[in-house]
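Sequence order for the protein chains is Y, L, V, U, X and W.
Residues 1 to 188 in this note's numbering are what the first sequence spells out, letter by letter.
Residues 1 to 188 in this note's numbering are what the second sequence spells out, letter by letter.
Residues 1 to 188 in this note's numbering are what the third sequence spells out, letter by letter.
Residues 1 to 188 in this note's numbering are what the fourth sequence spells out, letter by letter.
Residues 1 to 188 in this note's numbering are what the fifth sequence spells out, letter by letter.
Residues 1 to 188 in this note's numbering are what the sixth sequence spells out, letter by letter.
Hints are not guaranteed to be accurate.
Heads up, the list lumps identical chains together, so a pair's fine if it works in one copy or across two of them.
[Unchecked claim] Using 27 Å as the maximum straight-line C-alpha spacing, the simulated DSS-like pairs for lysine-lysine come out as follows:
| hint | residue 1 | residue 2 |
| --- | --- | --- |
| 1 | LYS123 | LYS171 |
| 2 | LYS122 | LYS171 |
| 3 | LYS171 | LYS185 |
| 4 | LYS123 | LYS185 |
| 5 | LYS185 | LYS122 |
I should point out that these hints are in silico values taken from the structure, not numbers from a laboratory.
There are 6 protein chains.
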Amino acid sequence: MPIVELHVLQGYGPEEKRRLCEALTDAVRLVVPAAPEAITVMIHEMPPENYARGRRSRAGAPALADPAEIVRDYLRAMEARRTDVAQGFLGDGFTMHFPGAPPMSRLQELIDWARPRYRFVKKSYEGFDAMQSSGSAALVYCRGSLSGEWPDGTAFDGIRFIDRFEIEAGKITRQDVWNDIAEVKSTA
Amino acid sequence: MPIVELHVLQGYGPEEKRRLCEALTDAVRLVVPAAPEAITVMIHEMPPENYARGRRSRAGAPALADPAEIVRDYLRAMEARRTDVAQGFLGDGFTMHFPGAPPMSRLQELIDWARPRYRFVKKSYEGFDAMQSSGSAALVYCRGSLSGEWPDGTAFDGIRFIDRFEIEAGKITRQDVWNDIAEVKSTA
Amino acid sequence: MPIVELHVLQGYGPEEKRRLCEALTDAVRLVVPAAPEAITVMIHEMPPENYARGRRSRAGAPALADPAEIVRDYLRAMEARRTDVAQGFLGDGFTMHFPGAPPMSRLQELIDWARPRYRFVKKSYEGFDAMQSSGSAALVYCRGSLSGEWPDGTAFDGIRFIDRFEIEAGKITRQDVWNDIAEVKSTA
Amino acid sequence: MPIVELHVLQGYGPEEKRRLCEALTDAVRLVVPAAPEAITVMIHEMPPENYARGRRSRAGAPALADPAEIVRDYLRAMEARRTDVAQGFLGDGFTMHFPGAPPMSRLQELIDWARPRYRFVKKSYEGFDAMQSSGSAALVYCRGSLSGEWPDGTAFDGIRFIDRFEIEAGKITRQDVWNDIAEVKSTA
Amino acid sequence: MPIVELHVLQGYGPEEKRRLCEALTDAVRLVVPAAPEAITVMIHEMPPENYARGRRSRAGAPALADPAEIVRDYLRAMEARRTDVAQGFLGDGFTMHFPGAPPMSRLQELIDWARPRYRFVKKSYEGFDAMQSSGSAALVYCRGSLSGEWPDGTAFDGIRFIDRFEIEAGKITRQDVWNDIAEVKSTA
Amino acid sequence: MPIVELHVLQGYGPEEKRRLCEALTDAVRLVVPAAPEAITVMIHEMPPENYARGRRSRAGAPALADPAEIVRDYLRAMEARRTDVAQGFLGDGFTMHFPGAPPMSRLQELIDWARPRYRFVKKSYEGFDAMQSSGSAALVYCRGSLSGEWPDGTAFDGIRFIDRFEIEAGKITRQDVWNDIAEVKSTA
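Given only the sequences and the hints, what does the whole structure look like? Please build it.
As structure tokens, this is what we get:
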């Protein structure tokens, strides 16, 4: 039965309300073993003049972009080797953590590091999981399999991978990558 | 400002309400860029007789256990080689997916598979992330580093890993593991 | 989806809350074509000190008895010829309206009037319908069939009847009766 | 003091909201002995995007017509001998139950049955009572007196009657009729 | 944390809502030692058709003018010797109570009484305090210092004063005045 | 019709809730011209575990004492010349402002200043008005008439006075006094 009522300042669009309804439903389901169909969410919107905290009206802030969409767009730009576009998704202090590599902070470092390792790589996605951490970052996990070509031109595919992203204020601030490339190579 | 009101049947304890408050706060923060201190959650509890759906009173269901705790307890049992205890955390259809291994479904398979690979392994955790998926499973990600001994008795540590768990109705139904063991071995 | 929240002073028992949940659900269904399972009712109870109208706390009033139960008990007493008990269910200004009889106000009038018409009569009920009118009276309709004996001792049964009752402040103030006795007799 | 809050999807008109307010007020009065003036109803309307059940937005359904109006219109058409119009108010499986008649399902049957009984009949109404049953049907009771002409052309009036109607999804599915015609005839 | 929700019929403007938010916040602060920033007010507005008391819709009444503004405007008119304007702020039964004067009810009485006492007087305000009394009157206190000229043309200033006003239905019905004029004169 | 709902952490007593109901009702009446009987207040109390701001439960703070009671008790102690008791009601930075006196901060200063002015003075109260200011202080106004004896032993009475108090965190921090003593003396 759980019923969730959310009171927010008006200004959120249908897509943002959909994300709120889903996230609030799933938040309840993490603790209460109710079927999704038994969980109701109502969003009550208010014009700023109908809301006050500390005796003062407050204006609503624009919604945060969907962090999973941010990650998808970033990965798409990287796969297309559009580092200029990809760079636009990165926040201050961005770091990357790849298997067998020191932490890197610039996309060019990554490209240089990857060159002796594979000609190119493509990701097929099995799933994206997004959540807000208890801290300031939203988290996005995406996993699936890699395909591409080794430096010698032979093809590979079906190599398991998982990426973890931290997104703060709409910018990616950290990427952690795990995959089975070494495992596959060692058994090649 | 967002204010969340949750109406539930009574019967949840302080710890369960804490988890609900946190999950609901974080659900809002995934979309609305409000500081946590600006997000209020109120839980309204009702005795069963004060709630009806379809003209009938309903009884509340016991809370689901914290999926992160389930995973912690399972991993602790595995590390202590208490497979009997660990087995108790597993649900029907459980499968494990390790780097370089075929899918396994029984813990003994895992132990047999690991024996030629390392004498033992311990996990140091950097973080746990838990969320409800849009499907029936709760998800737990845990990551950190592995230490242990290779079959020849030499020690290793600092090997990055990440595990992904699916938990349904309080039981682990799937474990996916990625780590840098092959990477480390290949550069040894 | 409709959700009904009722705020009342505390003091109502589970049975009274059940009646409230049912009546509120059905009130919604009279206008909104929702399945009962899609209609939720929540009752929020308050101690008197948590409620004020006109700056003053208010005490809750005891619930009204279920008018259908009042009618059932009254009819049971009449059938058992316990006019003393039946009289206790009647309010000031009570009147009865039977087919072919002038309005009557005392139970003894009814008994005298019925004596030449049948030795006794029993009611089998097909259904009770109770509602609050827009005025001060609750209404109860009951319908079914009559069985009994004519003055000459021959039996009858299966004669359709319907009664309409008005109940104010827990007392029956009016009874209207329709049945097919004359129809049956005329075709006998 | 009782206060009723109804949350519904937007799309109901002023007349439909008036019916909801009245029905909810009367639902409370059936149990709580509060003066109508002490009962407040608030309707909170929501656009579909602000409401989710099972993680999905839901659209509101058009209101059900007022069942008392359906009955009034049907009876008006019957009195005007507009059987084509009257037929439009009847649902599948419609049956009629009149004194001394077998159950009938077609209006022509009723007309044929009535012909030897009276030339015409008109209804004067004393009151309509409408409610939602606990099942799928709305119920309408109407009562008053009949006037008309017997087959021999003599007039009659003041004959008590009561009708009971069941309405499902806006269509009449059952009509039960009781009256004092036989009583009056037997004493004529 | 306190959260205040106000349900009112629609029709109040932003300025009136601001006054409501402030007054409600301060009402809570009179009892609960919360920082203003921890007190949230939400105003839920309803069209008349969404609200019923006693089964009937109700129309909202226009807001009362800010009583402090009424007093400011009245005092401004008096200082400008616009008694015609000032008179428009006064309600039936208005009385004035000045130090050493009998109660007066007409502005001309005040002017006549003041003439031998000072040529003119101006008010500098230190503060206005407005509240609703438990009775029908709103109360406004204003205090500060008087400057002006004595009848002999010598100037004075810095004389403390306080006025208390009762306002009913937007009209001033009573003015009480205290000041240090006599004290200052006695020590002159 | 206005309806006020207050959500607070549990822990307030009946007297404190009464003060909240009154203050909230009067806050609405300052803007909305509704009869008190048309204004409803509901207080919803929550255990700390059912409330979170910033993901954390919060404990409620004890209620502030009624500022009018604080002032009454202080004035009673002063009249009884219990300066030790009166001192206990005063906060840091307390100042007094009397007609014709420089600001004073210690009660003994007041006593010394008053000695040549009157032997004793008693207050008869016409009314107390209390409110929360927009700042941190609660305000109490009390007014009425003074009686007592002049230094020469002759009695006086009926001298108008008004006091204004500022109370912060339960302590009086400022007292302003106006009265007609000089006026009365000057006309004696």
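Here is what the structure says about each hint:
Proximity of LYS123 and LYS171 under a CA criterion of 27 Å is satisfied intra-copy only: 21 Å inside one chain copy versus 30 Å between copies. Taking the shortest Cα distances, LYS122 and LYS171 sit within 27 Å of each other inside one copy (23 Å), while across copies they are farther apart (34 Å). In this assembly of identical chains, the alpha carbons of LYS171 and LYS185 never lie at most 27 Å apart, being 34 Å within a copy and 35 Å across copies at closest. Proximity of LYS123 and LYS185 under a CA criterion of 27 Å is satisfied in both settings, with 18 Å inside one chain copy and 25 Å between copies.
Proximity of LYS185 to LYS122 under the C-alpha cut-off of 27 Å is found in both arrangements, the shortest distances being 17 Å within a copy and 25 Å between copies.
Consistency with the previously given hints fails for number 3 only.
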